[in-house]
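Q: Each chain, letter by letter, is given below.
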Amino acid sequence: MPIAAIESLVELIKHSKATTLSEFMESLKDASQKLKSSVRNSISLSAGADLFLRFVTRTSHDVTNFEACKEHLMNSGKVLVEKAVAVRHKIAELGVQFIKDDATILIHSYSRVVMLLLQQAAAHKIRFNVYVTESRPTSLGIKSAKILCKAGIPATIILDTAVGYVIDKVDAVFVGAEGVVENGGLINAIGTYQLAVVAKAANKPFYAVIESYKFVRLFPLNQYDLPTHTSDLLAFPDLESRCYQESQIGENSEQNIKEEDYDVENFVARNPTVDYTPPEYITLLCTDLGVLTPSGVSDELIKLYL
Amino acid sequence: MENEGNKKSIKERTKAKHKEKQSKEMNESSNKQVAALFSHLEIAKGANASLASRDIHPAVLVIGLQFADFKICGANARCIATLTAFKKVIQDYKTPEGTTLSRHLPTHLSPQISYLVNSRPMSVGMGNAIRHLKLEISTMDIDLADDDAKLLLCEKIDNFIRDRITVADRVIVSYGLQKIQDGDVILTYARSSVVQALLLEAHAKGIQFKVIIVDSRPRLEGKGLLRCLVDAGISCTYAFLHAVGFVLKDVSKVFLGAHAFMSNGALYSRVGTAMVAMMAKEKNIPVIVCCETYKFAEKVQLDSFVMNEQGNPDEMVNISTTSTPKAGLLDGWLHKPDLKLLNLLHDLTPSKYITTVITEVGMIPCTSVPVILREYKQV
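Here the protein sequences line up with chains A and B, keeping their order.
Take the first sequence: its position 3, counting from 1, is numbered 3 in the UniProt record's numbering, and each next residue is one higher.
Take the second sequence: its position 317, counting from 1, is numbered 317 in the UniProt record's numbering, and each next residue is one higher.
Chain B with its partners taken away, still in its complex shape (with noise of 0.2 Å):
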C-alpha cells in the first residue's frame, strides 16, 4: 500500500489529507472532549457523502456510510462488504488512454480505500484483504485486454473471500465441533460470526450443551446471538462482564471470535475481550479462540494503547437498553469542560491468556501465528 511511487498517487493523498484537515476542523470541537491520553486515536469521523470527491464509486459510498453507523461491522462482514463494493468498481473502470490497467487501477482505488478509512478506521483482516488485491493487480499481464483483466480480478477476489473467509469459516467450525462435548457448558463474549456459527452446527449435531452469553455496554452486541441461539432451542444465560467471575464457576470452556492476531500471539478483539480471558486463565478453564489466517498482522502490540478505535462518546450518554434512545446522567456531557469520555472499541489479550487458536489450518497455540504467516508467505 505504502510503496506507490507515483507522483499523481502523491498528489491525490496530499489533496485526501487536505480533506481530512477539513473535516478534522470540523470535528474539533468533540476532540476537545477526549481523554487526553487516548487523544493519539483515530476517532470514526463519520462519512460525509456530500464532501466525498466524485471519483467515490457509489457502491463504495453506500457501504462507507453503513461502516459509520455500524450498520456493518464485525470484521468479516466488513471485509466481505469492502471487497465486494471493489468488486463492482473494477467491474465499471475503464482505463483511460495512454496508460494500462496493472498501473492506473490502484492509483484509481486508493481514494476509494481513503474515503473508507476516513468513515471508519480499517480492520486489519481488510487492510491484508487490499494488500491482496493490489498484488494481484500489479503481477497482472500488461497485455491483457482491460475485460479480460476486469474479470480475471473480479475471480480473485471471489476466490479470495472463498478461500479465506467463507469455506475458513467452514473448516474452523469443523475442527471447532471436536472440542465441544456433551455436558460442556461455553462461554462467549459479545458476537462473532464463526463462534454463532459454530454454536448453531453444534447444536444440529445433537451436542447437549449449553452457552452463557457476556454482553456489555453500549454496544451490546451479544443481545444479537442471544436471540439467534434461543431461536434455534439453545438453553443460554445472558450476563454482563461485570458479572463474569461469578458465571465462570460452571464454565467448560471459553470460546472467543476475533478482530485481528499480533504477530506475537496477542488477541486484538471487541473490548472487554482480555477481562474474559483473564478471568477464565485464571479458573483453569480453557480460552479457545476462532480466527481466519487472513486476520493474521505482521505487526506486534503490547497493549490497547498504541493502536485501537475510539467509537462515538454519544452512545455512552445513551443507557436505554431498547432501540429508543434515553439519556442517561451522561445527558449534556459536552458542556462539562471537566468531563471526558472514552469509548474504546478493542483492546489486547495477552498470549498468555489464550489456550488454542482455532484457523482453517488446524488448531495452533497462539505464538504459531509468525510460522502462519511465514509459510503463506513462502506461497
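Just chain A, same shape as in the assembly (with noise of 0.2 Å):
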C-alpha cells in the first residue's frame, strides 16, 4: 500500500502541468489527500505518501530549476518503489538470527516479509516449527500455512483464540505490521495486541519485522486513537429501533434475531481490522534500518522531519 501510494504520486508528478512550484506542492498534497480519504484504513497507505511529500519538501530546496527538480524526483520515486523488494530480502537476512534450531514460532495473520524472513531461515538450514494464526475473519493465517508448507516448514493453523494454549511451547513470536507509529508501536492486523500480551505474560520475546516505509508520523494514545476508529465499531445496538422491529417480527422473534446476530457481513462491518500495540510489549523491530528497539523508532522519525 505504501508503495502503491508511491508510484501514484510519482504519476502524478509525471503528468502535472503545475508551473510553479507551490502550484506543485499542492497539488501533491491535495493527491495525497484524496488518496488517503479514499480508503477505510488509510494507515500504511499515509506512511508512504508523507514519507514522498516530505522527500520532496527536501529536494525541492536545493533545486532551482523546476523541470530538473521534477525530473529528479519522478527518478528517485522510481528507485523508491524498485528498492522495496531489496528491501524484504535485507530485513529477512537480518531477522533469521532470531531464529534458532529447533525452535517453535508463533505467527500472526499473512506478512510478506516474515514469510520471507521464515523462507530464508528454512534456507539456512535451521530446522522449525510454525504456528500460525488463522487470524479471523480474513482468514489469511490459511494463506500463510500453505505457503510455509509448500517451503518444507511444518505449520499449524491454530485458532485465533488458541494463542494462550500454544503460547509455552512457542519460543517466539513474529508478526509484520501496516504501520509503526512514533513511540515504536504497532499498527497491525486485529488480534497483535492481545498476542503481544499473551507473550509478554508468558515471558516469551516478541518481535516486529518491518520495512522502514511503513514508519508514520502518529502517535496514538489508546486503541480508539486511530484514525481508523469510528463511533460505529463495536456500538451497542440502538435498543430502540430494535425493540420496534422485534414488534413487527412478532412471534418468531427469536429465529430473526438469532439470523440477524450471524449476519456475517454486518458482524465484520462492525469490527476493528487494525489494533495498536503498544511499544512496551515488543521486544525488538527488525528493519531494514537494522535491529532498533522500540524507541530507536522515534530516533529514525526525529532524524527524518525535524
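Just to be clear, a hint being listed does not mean it is correct.
[As the list claims (entries may be wrong)] Cβ pair distances, simulated, as ranges:
#  : chain 1 : residue 1 : chain 2 : residue 2 : range
1  : B       : L373      : A       : V166      : 40 to 46 Å
2  : A       : L233      : B       : T84       : 48 to 54 Å
3  : B       : D143      : A       : K36       : 52 to 58 Å
4  : A       : D263      : B       : D303      : 55 to 61 Å
5  : B       : P96       : A       : E23       : 55 to 61 Å
6  : B       : A145      : A       : A68       : 41 to 47 Å
7  : B       : F38       : A       : D168      : 48 to 54 Å
8  : A       : K169      : B       : F38       : 50 to 56 Å
9  : B       : V167      : A       : D263      : 50 to 56 Å
10 : A       : L233      : B       : L373      : 36 to 42 Å
11 : A       : K143      : B       : F240      : 56 to 62 Å
12 : B       : D143      : A       : A68       : 38 to 44 Å
13 : A       : L233      : B       : D184      : 14 to 20 Å
Derived from the structure by calculation, the hints contain no laboratory data.
Computed from a predicted structure; not experimentally measured.
Note that CB positions come from ideal geometry on N, CA and C, so glycine has one too.
Fit chain to chain and form the complex, with the hints in mind.
A: Structural data, given as C-alpha cells:
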C-alpha cells in the first residue's frame, strides 16, 4: 500500500502541468489527501504518501530548475519503488539470527516480509516449527500455512482463541505490521495486541518485522485514538429501533434475531480490522535500518522529519 | 558557563562566594531546622537588594526580588523575565577601554546571573537560555561596532524568546488540540501556562470537555488556573492531591506541565506531579506532558533527592486558604529543636509513567529527549 501510494504520486508528477513550485506542492498534497480519504484503513498508505511528500519538500529546496527537480523526483520515486523488494530481503537476512535451531515460532495472519524471513531461515538449514493464527475474518493465516508447507516448514493453523493455549510451547513471536507509530508501537491486523499481551505474560520475545517506509507520524494514546476508529465500530445496537423491529416480527422473533446476529458481513463491518500494540510489549523491531528497540523508531522518525 | 579562564571572573566569583558565605551564616539559624537528608539542597536565600553589589543592573535587581517572593514563578515566565532584563543590561552596557564586547560582556553578566541564582536557584530552561546567550556573545564578530553588536544581541534574545517559547507554545497547543475530543475529562495538576493555553484554546474551538484540577498545599497554584478556566466557561472540578485516586476514575486524559526534562526521559516538575502520573498510569490513563524543547536538560537524574529546591518552610505553617495568613498547629516550630520542616518544590517522574511529550517538534515518547538534544546540537 505505501509503495502504491508513492507510485501513484510519481505518476501524478509525470502528468503534472503545474508551473510553479507551490502550485506543484499543493497538487501533491491534495492528491495524497484524496488517496488517504479514499480507503477505509489509510494507515500504511499515509506512511508512504507522507514519506514521499517529505522527500519532495527536502529536495525542492536545493534545486533551482523546476523541470530538473521534477525529473529528479520521478527518478528517485522509481528507485524507492524498486528498492522495496530488495529491502524485504535485507530485513529477512537480518531477522534470521532470531530463529534458533529446533525453535517453535508463532506468527499472526499473513505478512510478506515474515514469510520471506521464515523461508530464508529454512534456506539457512535452520529447523523450526511454526504456529499460525487463523486470523479471522480474513483467514489469511491459512494462506501463510500453505506457503510455509510448500517451503517445507512444518506449520499448524491454530484458532485465534488458542493463542494462550500454545504460548508455552512457543519460543518467539513474529509479526509484520501495517504501520509503526512514533513511539515504536505497531498498528497491525486485529489480534496482534492480544498476542503481544499473552507473549509478554509468558515472557516470550515478541519481534516485529517491518520495512522502514511503513513508519508513520502518528502517536495513538490508546486503541480508540487511531484514524481507523469510527463510532460505529463495536457500538451497542440501538435498542429502541430494535424493539420496534421485534414487535413487528412478532411471534417468530427468536429465530430472526439469531439470523441477524450471525449476519457475517454486518458483523465483520462492525468490527475493527486493526489494533494498536503499545511499545512496551515489543522486544525488538527488525527493519532495513537495522534491528531497533521501540524507542529507536522515534529516533529515526525525528531524524527524518525534524 | 563554566569554561571561563578569565582571571578577573575568577576573582569576581571568589568575591561572590565570600558574600554567599556571609549570607549563609545569616541563614544559619533557619538551616538548623532543615531535615538532615536534605541539607545539601539549595534554599532560596531571598534576595537582599541592599547586599547586592553596585554592578547589578536595576532591572535584574527587580526580577531577583520578584523571583524570591514567587511574584514571578513558572519556568517560562522566569525565563522570559530574565532574558528581557538581560536585554536591558546589554542596552545599558558600555565596553570599557582596551577590551572588546565579546570578551568583556560575559564577565559583566556573570555577577548579574549569580545574583539571580542567589535569589532563587535557576531553572533548567533559564540555564539553557543563558548558555545560548553566552554562546551568541562569544561567537560575535570582534570588529563589530558596539551599538551594532548590542542591537544584534537584543535581536537574538528576542528571537530566542519567540522561537523557543512563545511560538513553541502555540505549536504545542495546536498539537495538543488533536488529542482533546468531545466528552473528554481532563485532569491537570497545579498550574502550567501551556496547559492553560491549551485548555482555553480547546474550549474556544467548541470542544465539549470537563477539567479536573488537582492542587496541593502550600502554594495552591491550581486556584489561579481554576479561576481562569471558570471565567472562560469551562466546567471544572477542584480537588486536593490526596483525593486524586478518587477523582481519577472518571478521567480520560492527564495533561501536565514541565519544569524540565532530563536526558533519561524523567520529568522534573512541581512536587506532586510524580504521584499524579503514577496513579494515572496505574489506571491506564494516558499521561501527556506539554514541554518546550528549551527545557530539555543534558543531565540524568534518578530521584528527587540529588537535585531539588527547597521552598520557605514558613509557607507550610500558614494554613489559610485566603490571602490573609493564618498560623496552624506548626506555629512557633522554630523554637522546637526536634521539629524540622521540609518544603520541597519539585519532584521527578520516571519515564515509565509518561505516555507522550508534546513539544514544538511534535509528539515524541519521553525516551526521545536525548535525540532532540542531539539534533539541536548539530544545527
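Q: B/P96 and A/E23, beta-carbon distance inside 55 to 61 Å?
A: Roughly 57 Å apart at Cβ, these two residues keep to the hinted range, so it holds.
Q: Just to be sure I understand the hint, the distance between the Cβ atoms of A/L233 and B/D184 should be within 14 to 20 Å; is that true here?
A: Check passed, 19 Å falls within 14 to 20 Å.
Q: Please test the hint of 55 to 61 Å on the beta carbon pair from A/D263 and B/D303.
A: holds (58 Å)
Q: Looking only at beta-carbon atoms, does the pair B/V167, A/D263 fall within the given range of 50 to 56 Å?
A: Holds, since B/V167 and A/D263 (Cβ atoms, about 53 Å apart) stay within the stated range.
Q: How does the Cβ-Cβ distance of B/D143 and A/A68 compare with 38 to 44 Å: does it lie in that range?
A: holds (41 Å)
Q: Holds or violated: 41 to 47 Å for the Cβ distance of B/A145 and A/A68?
A: This hint holds: roughly 44 Å between Cβ atoms.
Q: Using the beta carbons of B/D143 and A/K36, state whether their distance is inside 52 to 58 Å or not.
A: holds (54 Å)
Q: Taking 50 to 56 Å as the hint, is the beta-carbon distance of A/K169 and B/F38 inside that range?
A: holds (54 Å)
Q: Please check whether A/L233 and B/L373 have a Cβ separation lying inside 36 to 42 Å.
A: holds (40 Å)
Q: Given the hint of 48 to 54 Å, is the C-beta distance from A/L233 to B/T84 inside that range or not?
A: holds (52 Å)
Q: Given the range 56 to 62 Å, decide if the beta-carbon distance of A/K143 to B/F240 lies inside it.
A: holds (58 Å)
Q: Taking 40 to 46 Å as the hint, is the beta-carbon distance of B/L373 and A/V166 inside that range?
A: holds (44 Å)
When the structure is compared with the earlier hints, no violation turns up for any of them.
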